[in-house]
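The hints should help you fit chain B onto chain A, whose structure is shown.
If you're matching them up, the sequences are chains A and B in order. Positions 117 to 305 (my numbering) are the ones given, in order, by the first sequence. Positions 461 to 631 (my numbering) are the ones given, in order, by the second sequence.
Honestly, the hints are just simulated from the structure, not real lab data.
Examples of chain B residues toward chain A, derived with CB under 10 Å:
| hint | residue |
| --- | --- |
| 1 | 476 |
| 2 | 506 |
| 3 | 515 |
| 4 | 518 |
| 5 | 528 |
| 6 | 530 |
| 7 | 536 |
| 8 | 574 |
Quick reminder that beta carbons are idealized off the backbone N, C-alpha and C, glycines included.
Spelled out from the first residue to the last, the chains are:
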Amino acid sequence: MRFSDEELMVMFAAGTTDAFTMLYERYRHRVFRFAVACLGSPADAEDAVQDVFLRVAGAADKYQPADRFRSWLFQISANRIRDIGRNRKRWDMRNHSSKPLPDPGDRGRFEQRLVACDTLQRLLAGLQPEDKILVLLKELEGLDGLSIAGIMGLTPEAVRVRLHRIRAVLKSAGAVNDQEVSKSTEEGR
Amino acid sequence: MNRNLNECRYLESFLAGKLNSVEHESFMSHLSICAECWTQAESARTLRMALEPFSELAMPDDADLRIRIALDHQLRTPLADREVMDIEETAAFLGITVPELVNCLDNVPAFEVAGRIRFNRERLIRWMELKERGLFREISHDRSLMKSNILTFPGGLSDEQHDEKANSGSF
Numbered sequence: 117m118r119f120s121d122e123e124l125m126v127m128f129a130a131g132t133t134d135a136f137t138m139l140y141e142r143y144r145h146r147v148f149r150f151a152v153a154c155l156g157s158p159a160d161a162e163d164a165v166q167d168v169f170l171r172v173a174g175a176a177d178k179y180q181p182a183d184r185f186r187s188w189l190f191q192i193s194a195n196r197i198r199d200i201g202r203n204r205k206r207w208d209m210r211n212h213s214s215k216p217l218p219d220p221g222d223r224g225r226f227e228q229r230l231v232a233c234d235t236l237q238r239l240l241a242g243l244q245p246e247d248k249i250l251v252l253l254k255e256l257e258g259l260d261g262l263s264i265a266g267i268m269g270l271t272p273e274a275v276r277v278r279l280h281r282i283r284a285v286l287k288s289a290g291a292v293n294d295q296e297v298s299k300s301t302e303e304g305r
Numbered sequence: 461m462n463r464n465l466n467e468c469r470y471l472e473s474f475l476a477g478k479l480n481s482v483e484h485e486s487f488m489s490h491l492s493i494c495a496e497c498w499t500q501a502e503s504a505r506t507l508r509m510a511l512e513p514f515s516e517l518a519m520p521d522d523a524d525l526r527i528r529i530a531l532d533h534q535l536r537t538p539l540a541d542r543e544v545m546d547i548e549e550t551a552a553f554l555g556i557t558v559p560e561l562v563n564c565l566d567n568v569p570a571f572e573v574a575g576r577i578r579f580n581r582e583r584l585i586r587w588m589e590l591k592e593r594g595l596f597r598e599i600s601h602d603r604s605l606m607k608s609n610i611l612t613f614p615g616g617l618s619d620e621q622h623d624e625k626a627n628s629g630s631f
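Extracted from the complex, chain A is given alone in its bound form (with noise of 0.2 Å):
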């Protein structure tokens, strides 16, 4: 029998230790996934999934049932990366280095994989942390506007509003990419 994930939390909250790694299990990849892309940073996305997680258990007992745990899980994902990215900047600007990453063996490949994703984070570079935020949720969470409304504390029409002016911006930045990436192409010719 499959337990759904808001069955799974009200059993956590009663004390079942296992509901909880069930509900670790489904989602550890997904907030992984979610905070990399807001973040850029796989080390800081392995923060951000041990973070959320904790504080998943610690907010057991403030847990509505009447809420989607994916919902509730991914506003406590949204809040904590912004934590992260307040942190992170406030060390830039003290002029510490990002952390390093210690293991060259399986990172290294890991670290490899992600320079795929260099493209986007390039795309999303000009936006604002919190449209960052909202369009991942949409695009990469493939959350509807109610849920992300619920989760960004905006209305339906603001979240459409503003997916509207995300994509404006994008669509400038995905211009400039290709065309640095022709020029690239062009000059390594």
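Okay, now just chain B, sitting in the frame of chain A:
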């Protein structure tokens, strides 16, 4: 013109793949004449292509293990036994809200690690004890002012009168 604007309303449904075949075909015709919708659709397509590598991206095993250990520790260790707390746990520990704690962070013993604020339970307890002593000093100071009749309210009791009344069981 009106028809064109009406068609624009179907953009989100088109992007979400929720149009049936007839509606889809109709919207494709609309895209060829509406620059605004074309830009929106093209932008969404570019972003989705850039997001494709993420669909198979999984968290590394070593990170997964580290997080499982941390979660296991949290699930097994009640809040009362935790020595290092984050801001939410500390706010709950002090019986105040997170924004209230943030507002008085300069006065609360805390430390920063990996760009995050953490609180040592033992130091918090020591700090609270010091605060209590400070508060007692303030109360004592107020009482001494009351004794010198500077703060004696009309009809009120002095400390001596209060103590006498308490000892005689009049309260």
